Every structure is written in C-alpha cells, then in structure tokens.
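K.L.:
Here are the chains, one letter per residue:
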Amino acid sequence: MQWINTLVQGILLGGLYALYGTGLSLIFGVMRIVNLAHGDFIMLGAFMSLLVTSMLGLPPLISIAIVVPVMFLLGFLLQRGILNQTIGKGLMPPLVITFGLSIIVQNVLQMGFSADSQGLDAGALETASIPINDQISIGIMPLITFIVAVAVLAGLQLFFNRTKVGQAFRATSDDPETAELMGINSRQIYALAMGISFAIVALAGILLGIRTNFAPTDGPARLIFAFEAVIIGGLGSLWGTLAGGIILGLSQNIGAQINPTWFQLAGHIVTLIVLAVRPTGLFARTRDS
Amino acid sequence: MNRDRRLILILSIAFIFFASFAFWAGRGTMNTLTEFFYLLAIAQLWNLLAGYAGLVSVGQQAWIGLGAYALLVSTDDIGLPVYAGIVVAGLVAGVLAIPTALLGFRLRGGYFAIGTWVMAEVFRLSVTASSDWLGGGLGRSIIVNNLFSSPSARITSIYIVAIVLAFGTVALTQYLMRSKVGLGLTAIRDNEDAAASLGINTYRVKMIIFILCAVGTGMVGALIALNQINIIPKSMFSVNWTAFMVFIVVIGGIGTIEGPIIGTIIFFLIREYLSDFGEWSFIILGVIAVGMMLIAPQGVWGLIKERVDVEIFPVRRLISAERLKSLGRG
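Protein sequence lines correspond, in order, to chains A and B. Take the first sequence: its position 30, counting from 1, is numbered 301 in the numbering used here, and each next residue is one higher. Take the second sequence: its position 24, counting from 1, is numbered 935 in the numbering used here, and each next residue is one higher.
Just chain A, same shape as in the assembly (with noise of 0.2 angstroms):
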C-alpha cells in the first residue's frame, strides 16, 4: 500500500516537472536557446509571490493574477532587451548571459530574502487531501498542480494549432530567414516566447512554494530537473515533456522509498540511461537540428 502511495505521489509530482520542462524546451524550440537561469527564474516567480502574498496580504494562488502577468513582462522585455542581440552570434554568448543571469537572480533573491527556505502560506490548502483509503490520499495541491500542467499543456497545443500567432511561433522554429519573408517578425515572436515561457515558470514557482518551502539557492536544481523532463520526454514533444516528468517524478520518489537520500540521484541515473539508450527521448517528435 506504501507502494501504491508513491507511485500516486509520483505520478502528481510529474506535473510539476511538465511545466517546468515545457517553458525550457519552448525556448528551445522556438530559438534553440538554452536558458541556464529557467530555474532561477522558478525561484523568481515563487519569492514575487512570497513578496505580493505578505504585502497585499492575499491568498498565494491569488498572487498567479499578479506575478504570472510581471513576469510574462520581465521574459519579454529580457529578450527584447538582452538575448535577441545575441540570435546568431553561435552557441556561446546566450549561455554565458543566462549563466550570469542565473548567478544574478540567485544572489539578489539571496540578498532580499535571506538564505534560508521560506514557504507560501496557503492555510488548509497546503495539507488538504481526498482519502482513498486507510493508506492512501491525494493531496489537493499536487491534484491542482497536475491538472495545471495538463491544462497548460493543452492550452499550448491549441494555441500553436488554432492561432495565427502560433503558426507563426511554428513557421519561425522551422525556418526563422523564410518566416521573415513571410512578413514574421521573428524578434518579437522570440520576445513572445520568452514572455510565455517566464508566465508558466512563474505558475510552476507559485505552486511549488504552496507544497514545500524554497530557498534562493534551489534554482539549480529545478533546471536540472526541467531538462530532465525533456532529455526524458524527447526534445520537441510538448506531451513527451509530461511523460518524461512524469518518470521523473516516480523515479525520484521511488529512490527516496528505498533510501531517503536517493530523491534526487534515482531521478539524475533514469535520466543518464536514457540518454545512453534512447538519445532522442522516449516520445520525441522532432529533432533539434
């Protein structure tokens, strides 16, 4: 029954990793950028929410309406700004900047708040769960968060498929020089990504502080746990970037019912025998170059 628990727990844990998965290989796909400060920027949107919910006194998931909306804002204007005058200047300078930024943002969040781990007060909400039975409960948070990722998840898939601005997205990412011709103008739907991808990291931030307390130093980590879910997944699949949390998820929780100090390697060895049997991901889709 333990067992089942986890594998329960796991599963849920996945939708976390989806979203924060899917606003990284968006930016991929759309520019082949690889943004090393995404987890960073996790942690950003968690300590904006930390700072409105004590300010105005309102309810963490209230705080979405505010932080999601500021930082769609701040990826945008960071692209438009910063990182659209490194396209086509090769793999370098975009690496070293959002490399810098990640040191950046974790520093600054260090200097407002403080090292140590803080959480989103979000009363009876954080502990609340539907019991199955005597041993197993899903808790609501985990619920919500899952049924999030999987919205976010549909609502890219639409938005791709169905918008004018979507196929632009699409026709950008395949050709950026003949999308130009097209009358696209690929800074701005660069900026529009950054924009999107910064809006469901702030949602992933916000949900995580709900469940666990965060510290500015965990941003690392959360990126190495988004590109997991992708190398998982397979690059370019937007439904493989849940699956491939989704793994994740159980494998960590599997590693940390054998042993407690497991969480996070079990999750790191998945990812590494993917990668040396599966290269391509087990879902994907497209191919990165």
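To be clear, the hints were calculated from the coordinates, so they are not data collected in a lab. For clarity, every value in this text was computed on a predicted model and none was experimentally measured. We put the beta carbon where it would ideally sit given N, CA and C, even for glycine. A portion of the hints provided could be inaccurate.
Now the stretches of chain B that chain A is said to cover, found in silico as 3 or more residues with beta-carbon under 8 angstroms [said to hold, decoys possible]:
| id | segment |
| --- | --- |
| 1 | 961–967 |
| 2 | 1202–1215 |
Here are some chain B residues the structure puts well away from chain A; computed CB gaps all over 12 angstroms [as the list claims (entries may be wrong)]:
| id | residue |
| --- | --- |
| 3 | GLY939 |
| 4 | SER1068 |
| 5 | THR1153 |
| 6 | ILE1177 |
| 7 | VAL1198 |
| 8 | GLU1222 |
| 9 | ILE1223 |
If we take Cβ atoms under 7 angstroms as the criterion, some of the chain B residues that face chain A in the derived model are [to be verified]:
| id | residue |
| --- | --- |
| 10 | GLY1020 |
| 11 | ALA1098 |
| 12 | PHE1193 |
Chain A is fixed; fit chain B onto it per the hints.
P.N.:
Just chain B, lined up with the frame of chain A:
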C-alpha cells in the same frame, strides 16, 4: 629571436620570478598568490574547453570536487605522499571524464551544458551518500600534519604546486594550439561540419580536450583541498567554481591565452574591493560578464589588441618568407 624562443624565455623568467616568492614572501602574499594561480589554471582550462573546443561546460565543479576527494582518500586512507595524491586526483578526474563525455557528447550545444551540470550533481550526490566513509554532507578534514612537516611548509608546497599548474596549463594550451590538435580545434570551432568533412576526427579531438581539462581541473581540486583542509561536498562541488572560470574568461577575453590571465587579474582586483559585500561581489561580477558579452564579446584583451598590435602567445600561423622561397625552389 623567433616568436617561440622569445615566449619560452618570457615564461621561464616569470616562473623563476614567482618561484622565488617561496623564499622571501610572507604568508599572506603567498596565500593570495596561491589562489590567484589556481584560479588562473582552472580558468585557462575552461578557456581551452569552451573557447577553443566549443564545449561550453558548466559542470567543471565535478573535477574540483572529485580531485579534492581523491586527494583525501589517497593520502589519508591509502597513505600516499602528498604529490602522488595530487597526481591521483588528476587521474581519477580524467578517468571519470570518459563516461561523462560519452554521455554528454550525445547532447548538442546548450543541452550539453546542462548535461555536464547533471553529471557534477551525480558525483556530488554519490559522495554525499557515503556518510560512513566520506563523511556525507558534513564532509571530512584532511589530516595535514601527516603530510607536511610544518604549517609554513604546507603553504610553500601548495604555492609551488599552484604556480606549476598555472604555468603548466598556459604552456599546455600554447603547445596544443601550435600542434595538429590545435589546428583541428580551430577548424572545429569555425565550422564543425566542414572540419569533419576534411577528415578531422572531431569526436576524438573533443574527447582529448575534455579529458585533459578534467585532469588539470582535478589536480587543482586537490590543491584547493590542501588549502582549505575541510572538505565539504556542497562547497567542493559548488557551481561557483564554474562561475569563477566563466566570469574570468569572458571578462579577459575568450579564445585567447592572454585573456584568462588578464581576467584573473581583473577578477582579483574587483574581489579585493568588494570582499566585504558578500552577495554584491557575485552580482557585480555577473553584471560585468553579461555586459562584456553584449558590448565587447572579445573581452578586455580583445579591446587591447584592437588598439595595439601585440601578441604575447603566438598561436597564429604566419607564412614565413624563407619557407615560401624554399617551397618555390623545390
């Protein structure tokens, strides 16, 4: 005097000059210089890896940490002398670099960077999981009294090893860039597909560089362990080590041998000024590195070279008139 002889002369004089510090300089000076030289060594190695081979790794802390623990085990547990321990540290890092590269090279560009970070985390978590032997998350201390006759002997020995490693990495980079491997690297950096089509085994060249850099960084890791005595996984495997390397190289000038040297000097000056500010020093260094990449990606050395035609480390291949004449005759 040709360019190579002049360089060897300059390097020899500089080496002798800094080595002489061991006889007359005070403890504080030597400690500062030790840190300067080991940061120069790891920055130069990252420059070789990222600037010349195009392998942007952000997991170089793996080799620092593994080198530190390899030194701890080989001297404290096995009883090797300290210099043998430093060599073992390099070898352990080099051997573990092979599976890391085999997995990492499956990832392209940016994802390779995160892949190296994952490997560094795997090594950190594996070391942390060993609580009985390696002390888990709290780490272990090296019993330095068994390794050195006195505290001042420790400081002098560490200092000498630091300058040997720093000059060694500079000489290695210079040698590699003048060799066939360097020619292959330049070709790969400029256009990997074209290089491969000309018969360069790009995979092998990258593998060699990746392993060499791990060996060197691992030896520096051993040195850092001897310097800090307390070996804690969180600080030994900290991504801050890679942050230092990246910031130094980017500020100084990536893809040049002079760049990391100038970068380390600037890094030290900034840090001395900001040592009381804690997080601020990281933020300011990060902002400078990001700004540098945007405004002057060639770094401070690149800016200098635009104004004056100097080259301390000649890695360019020049056509010599005599050689042309002899070719013409033949």
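K.L.:
If a hint holds in the structure, say so; if it doesn't, say that too.
P.N.:
Results of checking the hints against the structure:
no., hint, in the structure
1, 961–967, "holds (count 3)"
2, 1202–1215, "holds (count 3)"
3, GLY939, "27 angstroms, holds"
4, SER1068, "33 angstroms, holds"
5, THR1153, "8 angstroms, violated"
6, ILE1177, "15 angstroms, holds"
7, VAL1198, "6 angstroms, violated"
8, GLU1222, "22 angstroms, holds"
9, ILE1223, "23 angstroms, holds"
10, GLY1020, "5 angstroms, holds"
11, ALA1098, "15 angstroms, violated"
12, PHE1193, "4 angstroms, holds"
When each numbered hint is compared with the structure, violations occur for hints 5, 7 and 11.
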